[in-house]
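Novice: As given, the protein sequences belong to chains A and B, one line each in that order. Mapping the first sequence onto my numbering, position 309 (from 1) lands on 309, and the numbers just tick up by one. Mapping the second sequence onto my numbering, position 131 (from 1) lands on 131, and the numbers just tick up by one.
Keep in mind the hints are simulated off the structure, nothing from the lab. No residue lacks a Cβ here, since even glycine has one placed at the ideal position from N, Cα and C. Keep in mind that a hint or two might mislead.
What the hints assert, rightly or not - Here are the simulated DSS-like pairs of lysine-lysine, each with C-alpha atoms no more than 27 Å apart in a straight line:
| # | chain 1 | residue 1 | chain 2 | residue 2 |
| --- | --- | --- | --- | --- |
| 1 | B | K130 | A | K9 |
| 2 | A | K252 | A | K218 |
| 3 | B | K145 | A | K9 |
| 4 | B | K130 | B | K145 |
| 5 | A | K218 | A | K236 |
| 6 | A | K9 | A | K370 |
Claimed, not checked - The following residues of chain B were derived to be distant from chain A, with all beta-carbon distances above 10 Å:
| # | residue |
| --- | --- |
| 7 | H18 |
| 8 | N33 |
| 9 | P47 |
| 10 | S66 |
| 11 | D73 |
| 12 | G74 |
| 13 | E75 |
| 14 | D79 |
| 15 | A128 |
| 16 | R169 |
| 17 | R171 |
| 18 | I189 |
| 19 | R225 |
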Amino acid sequence: MNLAYRDIKHNLLRFVLTNFGLSLLLGIVIMMTGVYGGLIDDALRQARAANADLWVVEAGTNGPFAESSRIPGDTRELVSRVYGVQRAGSVTYQSVQTELNGAPHRLFLIGFEPGRPGGPRQLSAGRDILRGHYEMIVDRSAGLELGQEVMLGTRDHKFSVVGLMRSEVTSSGDPVAYITLRDAQALQFELAPPASRREQARGGSMETNDQINAVIAKVSPYVPVAETAAALSRWKHLTALTQVQQETLLSKFVIEKARKQQLLIMVLLIIVSAVIIALIIYTMTMDKVRSIATLKFVGAPDRTIIGLIVQQSLSLGITGYVAGLALVFIFRPFFPRRLVFDPESVMAVFAITIVVCLAASTLGIRLALKVDPAEALSAAG
Amino acid sequence: MTEPGRQAVVRVEHLSKHFGAGSARVDALIDINMEVPSGQVVGLMGPSGSGKTTLLNCMACILEPSGGRLTLDGEAVYDDHWLKADLRRLRLDKIGFIFQYPNLLPFLDATDNVAVVLHLAGLGAAAAHKHAVELLDYLEVGHRKHAMPAQLSGGEAQRVAIARALANRPRIILADEPTAPLDSARARIVMDLLRRIAIDQSAAIIVVTHDEMILDRFDHIYRLRDGRLETDELSRAPAGVDH
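Throw the hints in and build the complete structure from the sequences for me.
Specialist: The following block contains the structure:
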């Protein structure tokens with residue numbers, strides 16, 4: 001005879017309502033795991049999207065994401081000639097803000113050389129960039145449609161959306177857009193007409209500056225990456241970072257404060273959940289003091305009483321967790337930033353919920369074990 | 001008093017119980033001696049604060065006496081070697097308790113309120129359920145076996161509580177004011193029922209009561225005053241009941 005189940009069945013409405021409240025709380029904990037996972041995943045995707053073995057950046061910098069890096073446009077040709085390098089491609093990175101339908105719109109622009117490393121990995125709709133100018137492949141989260149035109153740069157160049165991608169965003173949540181390297185350089189260095197006229201008047205150099213932020217290199221599978229990196233680093237004006245180093249820079253340092261902040265919020269939420277679960281279990285036990293006293297009086301062992309409380313606590317935690325998880329997945333599409341759940345973190349939150357429920361039930365167990373069987377003799381309650 | 005040929009199921013010898021110490025010491029029970037043989041219904045009466053409930057708690061093994069000797073169904077309780085678990089087991093196996101109020105578990109139906117005791121004693125679910133239904137039928141409340149406690153009348157709930165007290169066929173049944181919430185007609189019915197149980201199950205039944213209307217239902221009446229046993233008087237045998 002399962003007393004915990006019978007008690008829950010008897011007070012089903014109260015259990016459901018309590019559970020709903022708890023599921024919202026646990027849902028927020030699970031959601032924070034997703035936000036945390038999303039932050040790290042977005043940051044890593046930025047680096048992984050390039051599918052690089054080596055990142056060649058300005059000497060002494062941790063570019064192009066952690067620090068700014070600027071190297072000459074012909075670096076790609078130098079890198080291509082190094083032993084072990086199979087393919088190389090120049091890339092630029094810049095954040096832009098434009099207006100679309102009267103609303104500000106942020107994009108993270110990646111300039112790449114079509115046909116070379118550094119371009120988009122996989123399209124979900126549309127086609128690759130085929131023309132030399134003013135075509136764009138953008139992440140779906142930007143809300144742009146195929147064929148839509150976007151004005152970019154100080155001279156309002158019209159870029160046409162030709163391809164769409166999924167889940168390509170930066171660590172700050174901005175959607176990524178790919179354009180050709182030439183267009184990206186133009187957007188980065190070209191001046192607005194008045195500024196250009198002033199520059200011309202003072203005899204300054206004009207128009208596009210052939211500079212890039214990094215060279216992405218693919219290394220032959222027959223040559224150790226470290227060997228190629230060492231060869232590249234012999235050039236005094238360049239630094240070569242491996243993919244692992246780049247990912248470490250992004251996940252550990254670039255988003256470190258945001259990561260720590262979210263982790264702290266998660267810990268606080270777990271503590272709050274533990275306190276609330278403990279209070280719920282304590283109150284549920286308080287309501288059953290007379291029944292517990294009667295059970296003890298008729299000879300129920302302590303393990304029956306403990307089992308009753310632990311089973312109810314676990315029922316509350318497990319159903320609250322499942323309902324919370326369901327709520328998060330229902331509302332997931334409405335979150336402005338990606339929620340990323342890996343099985344390990346989902347299981348970790350489940351394990352934490354179980355541990356919290358067990359720990360919280362100790363308060364109820366303490367109360368139950370203190371109940372004097374003689375309380376069953378007191379006036380009817 | 002134990003009649004010749006009848007074995008004393010409950011034997012209390014020089015039992016005492018005090019609370020506190022020094023000037024704050026309160027003597028709740030002083031030198032209590034009594035015996036209850038099988039098949040008898042014994043009344044324990046006295047004004048409030050006389051020590052009735054304290055004595056009942058000592059006999060129910062939930063309150064340890066300060067001195068004296070208590071023997072329940074041949075076992076000397078509270079000897080040095082007795083553990084809490086032993087007392088719990090003794091309560092489960094040998095003592096049935098009927099509370100002033102039925103004290104049914106509100107989340108179990110009538111059958112399960114009885115079956116829970118059998119289940120605690122180790123009986124399987126099906127056997128416990130079958131025996132519980134038989135007991136409810138015996139107490140003429142079988143038609144309410146699926147009712148939840150809140151749906152039972154006072155009399156029905158008290159019968160279910162009695163069925164629970166009888167579930168493990170205890171040799172000792174302790175009842176704390178079992179007729180207090182009932183009218184006089186129902187009180188007499190419950191007392192007749194207890195008498196029938198005492199005879200059918202060879203049990204010793206001790207009833208704490210204030211109810212002077214049911215005095216004729218007892219084989220013996222013990223009166224307590226200020227923690228002392230005042231009188232040990234024989235009650236009249238109830239009419240029409242053979243014992």
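Novice: The structure should be examined with respect to each hint, and the outcome stated for every one.
Specialist: Going through the hints against the structure:
| no. | hint | in the structure |
| --- | --- | --- |
| 1 | K130(B) with K9(A) | holds (22 Å) |
| 2 | K252(A) with K218(A) | holds (24 Å) |
| 3 | K145(B) with K9(A) | holds (18 Å) |
| 4 | K130(B) with K145(B) | holds (11 Å) |
| 5 | K218(A) with K236(A) | holds (21 Å) |
| 6 | K9(A) with K370(A) | holds (26 Å) |
| 7 | H18 | holds (17 Å) |
| 8 | N33 | holds (24 Å) |
| 9 | P47 | holds (18 Å) |
| 10 | S66 | holds (16 Å) |
| 11 | D73 | holds (15 Å) |
| 12 | G74 | holds (19 Å) |
| 13 | E75 | holds (15 Å) |
| 14 | D79 | holds (20 Å) |
| 15 | A128 | violated (8 Å) |
| 16 | R169 | holds (14 Å) |
| 17 | R171 | holds (14 Å) |
| 18 | I189 | holds (20 Å) |
| 19 | R225 | holds (21 Å) |
In the structure shown, a violation is registered for the earlier hint numbered 15 alone.
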